[in-house]
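Colleague: So the chains spell out like this:
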Amino acid sequence: MWKETVEPTASPDAQYSSRDNEWFKAHVPDYAQGHPMLFDLANLTKTYGRITALRDLTVAVPEGAIGLLGPNGAGKTTMIRALMGLIRVDAGGGNVLGLDIRRRPLQVRQLVGFVPEDECLFPGVDGVEFVAYAGELSGMARTDAMQRAHEVLDYVGLGEARYRKVDSYSTGMKQRLKIASAIVHDPRMVILDEPTNGMDPAGRIEVLELARDLSRNKGMSLLFSSHLMPDVEAVCNYVLVMGRGRVLAQGSLAELTRADRPAFEIRVKEDANAFGRHLANLGCQVETRDDSLRVELPEGEATATLWRATLDLGEQIRSLKPVRNTLEEVFLKAVEELA
Amino acid sequence: MPIFDQGYQHWRGAVSGHAWRWLAVTRQGVRQQMRRRRTKWLIATAFVPALMLAAVLVFWGLLEQQSRLLEPLMFLVRGLPDEVRMGPKAYRSAVWTLAFNQFFLVETFFTMLLVLAVGPDLVSQDLRFNAMPLYFSRPIRRVDYFLGKLGVIGCFIAAASVAPAVVAYALGFAFSLDVSVFRDTWRLLAGSIVFGLVIVVSAGSLMLAISSLSRNSRLVGAVWIGLWVVGNMTAEVLENSVRRDWCPLVSYATNLHRLHEEALDTASARQKFLALWAAGRDTGQEALRASLPFGRGRGRRRPLPPPPSEDEAPLLLRTPENLRHPWTWSAGVLGGLFVLSAWTLSTRIKSMDRLR
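Protein sequences appear in the order of chains L and R. Our numbering numbers the first residue of the first sequence as 1 and each following residue consecutively. Our numbering numbers the first residue of the second sequence as 1 and each following residue consecutively.
None of these hints come from the bench; they were simulated from the model. Model, not experiment: these values are computed from the prediction. A couple of the hints might just be wrong.
As the list claims (entries may be wrong) - Calculated cross-link-like contacts (lysine-lysine; reagent style DSBU-like; alpha-carbon spacing at most 30 angstroms):
1. K89(R) <-> K272(R)
2. K350(R) <-> K174(L)
3. K269(L) <-> K218(L)
4. K269(L) <-> K333(L)
5. K218(L) <-> K174(L)
6. K165(L) <-> K272(R)
7. K165(L) <-> K89(R)
8. K333(L) <-> K321(L)
Stated by the list, open to error - Sample of chain R residues at the chain L side, in silico, Cβ under 8 angstroms:
9. Y8
10. S16
11. A24
12. F47
13. A131
14. R138
Backbone N, C-alpha and C define an ideal beta-carbon position, used for all residues, glycine too.
In isolation and in its complexed conformation, chain L is listed as follows (with noise of 0.2 angstroms):
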């Protein structure tokens, strides 16, 4: 048949893909057990001689804007291939969209755009053209994949130089260019592999911008690869922490960086240092910082705790923060605790 049309349907020979299964209440946590599923893996396993790049992979992700970070070597492009059906996997499996990647590895590409890291743009092609192409790649009809190649070039903003060679970009451009024949084709899916390494910090915004535009208002999840953790916090709601081929950290930005015990900044009026003593009388862990302290309480106890200490010692609190970690200290923790 010359025509079909690719609906993104839930695979009904996927093992995995079944809310009520047992494998699925067993593997995925409880916070993502009530949304949809971006991707989903189970045990998956994948070695290149004697190296283990994926080391039974078990992960369930919902949709959104999820960022994957993790040091070299962590299994992270190793299992963006995995996730498009482009590697054959040692053992184990999984869905991206509903779809299985070991058995439907063609449907799974077909829903999801992917800009890799590497320039991948062969010389003497006009930018309409390149995402024109891409689109025919992707099963469209010429003269749609043309007339698309022009909408999204100028929604990634190089309307004015789809003609020009693409060998005349800019980095910044030719990221966007990457940009535009990923989505050529309408993807409920678009994987990001390092897209502002090598960027002036303006087209790094843009291409964040983009990144974000594409989650938040175009409907479209993403996976979003850096070493760089403002630019996954900049866009992504929803973190993973890859390590030696396995999943050290994963959840909402807020849930990771949120801190194990309720902590304060503090700021007071007179003496900081009898306030800090005043409080680690009462049990909290007090560090000072310059002018300000920084409070942790004690387990099960709320800010009453701060309240009473200024009326014990008669003292004016200024400034008070909760506080929470940054993506960095997660980052840290999981790779240190990983070591």
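Since the structure of chain L is provided, determine the placement of chain R on it from the hints.
Modeller: Same frame as chain L, but now just chain R:
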């Protein structure tokens, strides 16, 4: 620079089936190659032999009809035996076959040049610019990629070799005004198409394999020239020194020639003219004997001389020495090269299933 102000529309169109994805690769490759002036020139030049072939076939068609249009050109057939001039229809098949044979002999040269012009960049450029993710992150398979690239070479070979042969055949058919032409010469049409397929698959896969071995397209081109020219030279040296039947197999082009000789059944056509030439030679000798003085040779029936060997015949009627080996040997060599090419491609282009 404002971005996003144009908005974004979701696209809900139909996509083609997976069986046709390779066509996109072919279309893009052909478009890209046709932007090059040298490719256009080569194709235009490759049409010259086709014009000559068409001219021969049309000429023969008109000769069969004893057309007056040929009167100014009759000097061209003055050297032909009377049997041929009086009954050209009987020699139609043989003449057409020899004409097609000459056409493919010349066209194989242009084909090798075209493959040299078009082929080196096909895989090599994708490797050089890390363009493989562009293909394999899309819903296409490795076989689609290979087929698409092979299709580029196939299009150019078809345009420069097979299509002109078919057009020339149609012209010859039209000018002969005789339906029996098809009955006499269908094998040429079929043979041209089959040989076109052989050369596309063989030269195409070989060039793709060589192209996958290096990121440097010039090096790929140099290897192709080496395979072609050095192969020919080596075969010639071996034929003159070793003098074994297998010596011509060393030359890639000779193997192709051997197959097109077989596909067109050129040997039969040569035999027909060879017999005519031998009969003419014997008749001449008889006449010479009859005209000798003192009755020498008259009244005595001497046995006819032995039939002439092929090597004594005019050049056009001789089977070249390097094409006298069994055609299956050449088919075997080309088949082996195809298997080697397929293996090279499958090991060199491993999709993205690699560590880095």
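Colleague: Hint by hint, note whether the structure agrees.
Modeller: Quick rundown of the hints versus the structure:
{"no.": "1", "hint": "K89(R) <-> K272(R)", "verdict": "holds (13 angstroms)"}
{"no.": "2", "hint": "K350(R) <-> K174(L)", "verdict": "holds (26 angstroms)"}
{"no.": "3", "hint": "K269(L) <-> K218(L)", "verdict": "violated (49 angstroms)"}
{"no.": "4", "hint": "K269(L) <-> K333(L)", "verdict": "violated (34 angstroms)"}
{"no.": "5", "hint": "K218(L) <-> K174(L)", "verdict": "holds (22 angstroms)"}
{"no.": "6", "hint": "K165(L) <-> K272(R)", "verdict": "violated (59 angstroms)"}
{"no.": "7", "hint": "K165(L) <-> K89(R)", "verdict": "violated (58 angstroms)"}
{"no.": "8", "hint": "K333(L) <-> K321(L)", "verdict": "holds (23 angstroms)"}
{"no.": "9", "hint": "Y8", "verdict": "holds (5 angstroms)"}
{"no.": "10", "hint": "S16", "verdict": "holds (5 angstroms)"}
{"no.": "11", "hint": "A24", "verdict": "holds (4 angstroms)"}
{"no.": "12", "hint": "F47", "verdict": "violated (26 angstroms)"}
{"no.": "13", "hint": "A131", "verdict": "holds (5 angstroms)"}
{"no.": "14", "hint": "R138", "verdict": "holds (4 angstroms)"}
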